[in-house]
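If you're matching them up, the sequences are chains A and B in order.
With my numbering, letter number 2 in the first sequence gets 35, and the count goes up by one each step, no holes.
With my numbering, letter number 100 in the second sequence gets 133, and the count goes up by one each step, no holes.
To be clear, the hints were calculated from the coordinates, so they are not data collected in a lab.
Each hint should be verified, as a subset may be incorrect.
It does not matter which identical chain is meant; a pair holds if it fits inside one copy or across any two.
[To be verified] Using 25 Å as the maximum straight-line C-alpha spacing, the simulated SDA-like pairs for lysine to any residue come out as follows:
hint, residue 1, residue 2
1, 228, 173
2, 172, 410
3, 167, 291
4, 276, 351
5, 276, 411
Number of protein chains: 2
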Amino acid sequence: MVVVCLDGSADEYLDAALARGRMPNLHRLSVEGYRGMARGAMPSFTNVNNSSIITGAPPSVHGIGGNFFYDRTSSQEVMMNSSRFLRCETLLAAASRAGRRIGVVTAKEKLRDILSAGLDFVGESGPISFSSEKAREAKLATHGWDNAETLVGAVTPAIYSGEASLYVLRAGVAMLRQGRADLLYLSTTDFIQHKYAPDTSGALDFYEGIDQELGHLLALGAVLGITADHGMNAKQNSDGTPKVVYVESQLTEHFGSGFRVILPITDPYVVHHGALGSFAVVHLPESFSDPSRVAAFLTDLPGVTEVHAQAHAARLFELPVDRLGDFVVLSNRDTVLGRTPQHHDLTAIEGGLRSHGGRYEEMVPFLRSERLNPVYAQRATGDVRNFDIFEFTMNGGLESVLK
Amino acid sequence: MVVVCLDGSADEYLDAALARGRMPNLHRLSVEGYRGMARGAMPSFTNVNNSSIITGAPPSVHGIGGNFFYDRTSSQEVMMNSSRFLRCETLLAAASRAGRRIGVVTAKEKLRDILSAGLDFVGESGPISFSSEKAREAKLATHGWDNAETLVGAVTPAIYSGEASLYVLRAGVAMLRQGRADLLYLSTTDFIQHKYAPDTSGALDFYEGIDQELGHLLALGAVLGITADHGMNAKQNSDGTPKVVYVESQLTEHFGSGFRVILPITDPYVVHHGALGSFAVVHLPESFSDPSRVAAFLTDLPGVTEVHAQAHAARLFELPVDRLGDFVVLSNRDTVLGRTPQHHDLTAIEGGLRSHGGRYEEMVPFLRSERLNPVYAQRATGDVRNFDIFEFTMNGGLESVLK
């Protein structure tokens, strides 16, 4: 049983590769099994959606509403790369406790700690969890394996590469082949999708590589569930420069200082997106007199599509209200939100900006390698979420594969 | 030069048919030409988007913001099925005047008048425009042809059928084959998509039929541009009943009488959707004291995703402000908006409700049968709109096909 999260895989990537015969395994899988679309968790970011996928729950339950939040108690901007921010158990930890042999591989080290939450690394018979970024540094006591290069049979890849993702799937293949795990979660990274549009050779070559590994997993008898954390869109002006609304600059100019804009896409991997996405959180200055004026101002900024006050944003997007600011702001298909021009290093994204975070990256592919039973086929006609993928994969078959 | 609008064609319909080898012509076309996604006009309804496609402009320019609006001057609910509501010339009329030989075929008669706006039916050498619904009743003086059955070589199909759409394309094939037109707009109807999910035989058979006609058009040397007016989603509870928020009932219950909710999806073809879509317009009672309370109430209704006041809705969705009410309300992927339970005949949609109108039906396929030149290939990486399809089809080629 293998669940794969293909980071940043807007459905167009699959379409382009399938049409050109570059994904024969996915092609067969989509006809013999199920292929549809699912709605992701908002904001359409990696940590948020990976946390949802491994818990089967929205951020309001698991607590991870972005890579970053502003902690009003400590007055600090806090990175949520740690499992200590998780507010519920993961499916993986529960399945491990119930006797399933868990294998978790992710591309970016930033995710590994969250994905490993609650796993008890008891040694060679226990769960395995590592990142391709730090495969070499895996330890038996903390990752379930000493130096994962010896498991995969390949050296640790560079994080800014398609290889970082292919390595994730190869590790899964190795674990299945060696009988080291029977319930796997494999989560890639979106370096390729940030860099390449769907019909370019950079993307097509990558998805061909992905497909080969999917083929290996299928050949080993895996039941596959495949989804994505978010989609991807070009966020540019017609001249190729990034199309950015600098929210903090705009607020400061119109209302004075003291505003804090949190961009929850922010992470240590700026080459991907320069910390620019289509979702921002605004904290008002202390004892600001008239929040509704700010809301009206934000609403009228060109490129902004939605502005929601804290409580409503928490309900609408199923977000943890205590990790949210006063307003949530979303931007258009081609527009990202920034703090100030000084805050962002645009040289990091000179090749063009492709990013995510908003509504236009919310819908993602959702596939199962074997046919859905009538109960799940009926559910698939409704508002399926990407974080239903474990449930669909494990329980959605014609006979329960858990028996 | 043929532009095709495949009514209600969410991209999943193409994916499902392509994966099963049911659309070989579209498959070839998408590899040799271009296939991507475009953003439609809001609300994601048929008349709105057809009007945008034939004018190359958003509703704020062409004036058609729905099938229905409430005219505050006359205090009447007015159907916008007539070209007299159009506020700009169409590309078709301009091209006709410039010497192009225009052929227009639509499935539903309701659209024909708008699509024919400004066309001068001068007789046998002039433009042709008719609907498959009323093919038999076409007249030379008003449609450019006496009895279109003699043109197509087939009898007028039933409007509630896939045939109604296939007839549209067959008419286009006949016009090309007989040399009667060189710039065509062919616009189908979404009976099949309202009724069938993408991976059902009802949908797959339909798209196979569509593909055969696309193949005939290509074989006759046509450059094809293909898009859709809107997508389609199931709008149901898990038990298969329609998931409806009755907005007028809710408002009356909480604030008293006098509210008027306009559902701009309303048209004479209720079997499709029971007048239930994911977009509604709210008119407040005269001299209502506190509109912001209504906005807050609407915003908190479960299933509602966005509420925008008139001026902002007009700007955000590029809608004609004078044909809009006080608030615009949008609902979720699986939820539709109604007036009151009494207002809707749910027996019309006993097979299950699939509908559109909101954000989740805004993104649509966008294809061109021949490769894009560098200028349009660059534009295709940005926020392409479905109403750019004539421009992309006519000017997007490696050499200008207009010369």
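How the hints compare with the structure:
{"no.": "1", "hint": "228 - 173", "result": "neither (35 Å within a copy, 55 Å between copies)"}
{"no.": "2", "hint": "172 - 410", "result": "neither (42 Å within a copy, 48 Å between copies)"}
{"no.": "3", "hint": "167 - 291", "result": "neither (39 Å within a copy, 65 Å between copies)"}
{"no.": "4", "hint": "276 - 351", "result": "between (28 Å within a copy, 20 Å between copies)"}
{"no.": "5", "hint": "276 - 411", "result": "between (41 Å within a copy, 15 Å between copies)"}
Hints 1, 2, 3 from the earlier list are contradicted by this structure; the remaining hints agree with it.
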